[in-house]
Amino acid sequence: MNWSSLLASHGLLLSGLVKTIYLSVLAIIASTVLGAFVGFLRAARVPGLSLILRLYVEFFRGSPLLVQLLFIYFGAAYIGLSGITTFIGALVGLTLYEGAIASEIFRAGVEAVPRAQREAAKVLGLGRWTTSVHVVLPQALKVILPGLIGQEISLVKDTSLAAVIGFPELVNQSQAVISNINQPMLVLLAAGVLYFIICYPMSIGARILEKRRAS
Amino acid sequence: MNPTSDTWAEVFAYMPQFLSGLRITVEVSVIAFICSLFLGIVGAAARRSKHLAARLAATVYVEAFRNTPLLLQVFIAYFGLPAIGLPISAFQAGTGALAVNAGAYLTEIIRGGIEAVPQGQYDATHVLALSRLDAFTHVVLPQAVRNVYPPIINQFIQILLGSSLLSAIALPELTGVSETVNSITLRTMQVFAVALVLYLVVSNAISLLASLVGRYAFRPPLETRADSGSFRRWTQAVTARIPSRGKLAEAGEGGGDS
Numbered sequence: 027m028n029w030s031s032l033l034a035s036h037g038l039l040l041s042g043l044v045k046t047i048y049l050s051v052l053a054i055i056a057s058t059v060l061g062a063f064v065g066f067l068r069a070a071r072v073p074g075l076s077l078i079l080r081l082y083v084e085f086f087r088g089s090p091l092l093v094q095l096l097f098i099y100f101g102a103a104y105i106g107l108s109g110i111t112t113f114i115g116a117l118v119g120l121t122l123y124e125g126a127i128a129s130e131i132f133r134a135g136v137e138a139v140p141r142a143q144r145e146a147a148k149v150l151g152l153g154r155w156t157t158s159v160h161v162v163l164p165q166a167l168k169v170i171l172p173g174l175i176g177q178e179i180s181l182v183k184d185t186s187l188a189a190v191i192g193f194p195e196l197v198n199q200s201q202a203v204i205s206n207i208n209q210p211m212l213v214l215l216a217a218g219v220l221y222f223i224i225c226y227p228m229s230i231g232a233r234i235l236e237k238r239r240a241s
Numbered sequence: 049m050n051p052t053s054d055t056w057a058e059v060f061a062y063m064p065q066f067l068s069g070l071r072i073t074v075e076v077s078v079i080a081f082i083c084s085l086f087l088g089i090v091g092a093a094a095r096r097s098k099h100l101a102a103r104l105a106a107t108v109y110v111e112a113f114r115n116t117p118l119l120l121q122v123f124i125a126y127f128g129l130p131a132i133g134l135p136i137s138a139f140q141a142g143t144g145a146l147a148v149n150a151g152a153y154l155t156e157i158i159r160g161g162i163e164a165v166p167q168g169q170y171d172a173t174h175v176l177a178l179s180r181l182d183a184f185t186h187v188v189l190p191q192a193v194r195n196v197y198p199p200i201i202n203q204f205i206q207i208l209l210g211s212s213l214l215s216a217i218a219l220p221e222l223t224g225v226s227e228t229v230n231s232i233t234l235r236t237m238q239v240f241a242v243a244l245v246l247y248l249v250v251s252n253a254i255s256l257l258a259s260l261v262g263r264y265a266f267r268p269p270l271e272t273r274a275d276s277g278s279f280r281r282w283t284q285a286v287t288a289r290i291p292s293r294g295k296l297a298e299a300g301e302g303g304g305d306s
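Read top to bottom, the protein sequences are chains A and B. FYI, the numbering for the first sequence is 27 to 241, going by this note's numbering. FYI, the numbering for the second sequence is 49 to 306, going by this note's numbering.
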């Protein structure tokens, strides 16, 4: 294997890594906000809204992210929406898909809090808002956080699908480097190591939170 | 400009191609699922082994594959292996990468399912003087299977949806076929809408079927997708028509044991 050729093109890989991190961070923020919003609304069982939210979640969870990205990115061009860059297409697709999955984590967290907690708050004369924010939420977060971090790990890995619609993130740039130096194994393993360096600490973090919750 | 119905008819004309793509999607997923189940069982056994080397190898396997993207693993199998002298077809590379990836997740699912069986159950097998094999097959395994059934079905659906990535190595599965039909008809919205609906139908069919099996095959019936009230009522109505396994056994053996 020719290490010097890899070192010579490390600039491309690093710019891909930066774009992967940039896309990941924005998608994590957007999908967490969307997921929390949808999850809490579903847990509150708002009549009429429940069915729509459930259809949203089932649709995005039951079909592949890759096809969703193709649908959003190329579909936007098809209906004549201008200004949908590969970055915006990837960000919108990731947010909708990961938001649907995150909403299930938030909903499960809220529903894991025993009913008696709400009843006790009512007896104590706390209002709906105070009960939700100061009684239910802190207990729900203990359940939500480990699952949510696990979800963010999936999200970082899923940003690799943006390569298929042409966003120059890490996998996309690896392919560019491969076409330059023709060392596919070396380049792909190097990209794998970079993903591992991001994801493994997150995995450990999720495990620690999970253990803390269990004890 | 064509009226809307014409653009749909244009895409529906390619239904045989979509369905042949779907067949490859299902084939790849089933083969990968069976292989990954095997890998998961071996991996879980290795992670619980008393030999350090086996535990270490299984841990490295699980962490390496769970902390890198599936797409990258598919590329390593398809572009990387031939470059180091291992020629491999798109079908083999794709199925293999899916299987090895899911195997890492199943290792953790199966290990977790076995470890979730309460210690008291093991203690009871000692008191009853069961052999290690009997204790595992008759006490631990049935409970572990119950624990891992829902996440294993979920993993199968993940394999099915993940197989869409194999379009990136030119395997003509459902997503790959859709891209081809798109490049012919240029009806992007319609083409990918058809693909999305086909994936939704298959993934929901698997999950429905698995819930029915779960209600019927486990005692007490396993509740999956318990969030959906209408679905629960429906499966209860269906399973009520099927004689339960206990009743069948009683009828067959002439009297139950309890």
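By construction, these hints were calculated from the structure, which means they are not laboratory data. Treat each hint with caution, since some may be false.
Here are some chain A residues the structure puts well away from chain B; computed CB gaps all over 12 angstroms [as the list claims (entries may be wrong)]:
| # | residue |
| --- | --- |
| 1 | Ile55 |
| 2 | Phe66 |
| 3 | Leu75 |
| 4 | Glu84 |
| 5 | Leu92 |
| 6 | Gly101 |
| 7 | Lys148 |
| 8 | Leu152 |
| 9 | Thr157 |
| 10 | Lys168 |
| 11 | Val197 |
Covered, in the sense of this in silico footprint (three residues per stretch, anywhere, with C-beta under 8 angstroms from a C-beta of chain B), are these stretches of chain A [unchecked claim]:
| # | stretch |
| --- | --- |
| 12 | 30–42 |
| 13 | 113–122 |
Yeah, the Cβ is synthetic: ideal placement off N, Cα and C, and Gly gets one too.
- Task: Please name the hints from earlier in the document that this structure breaks, with their numbers sorted from lowest to highest.
- Result: 4, 5, 6, 11, 12 and 13
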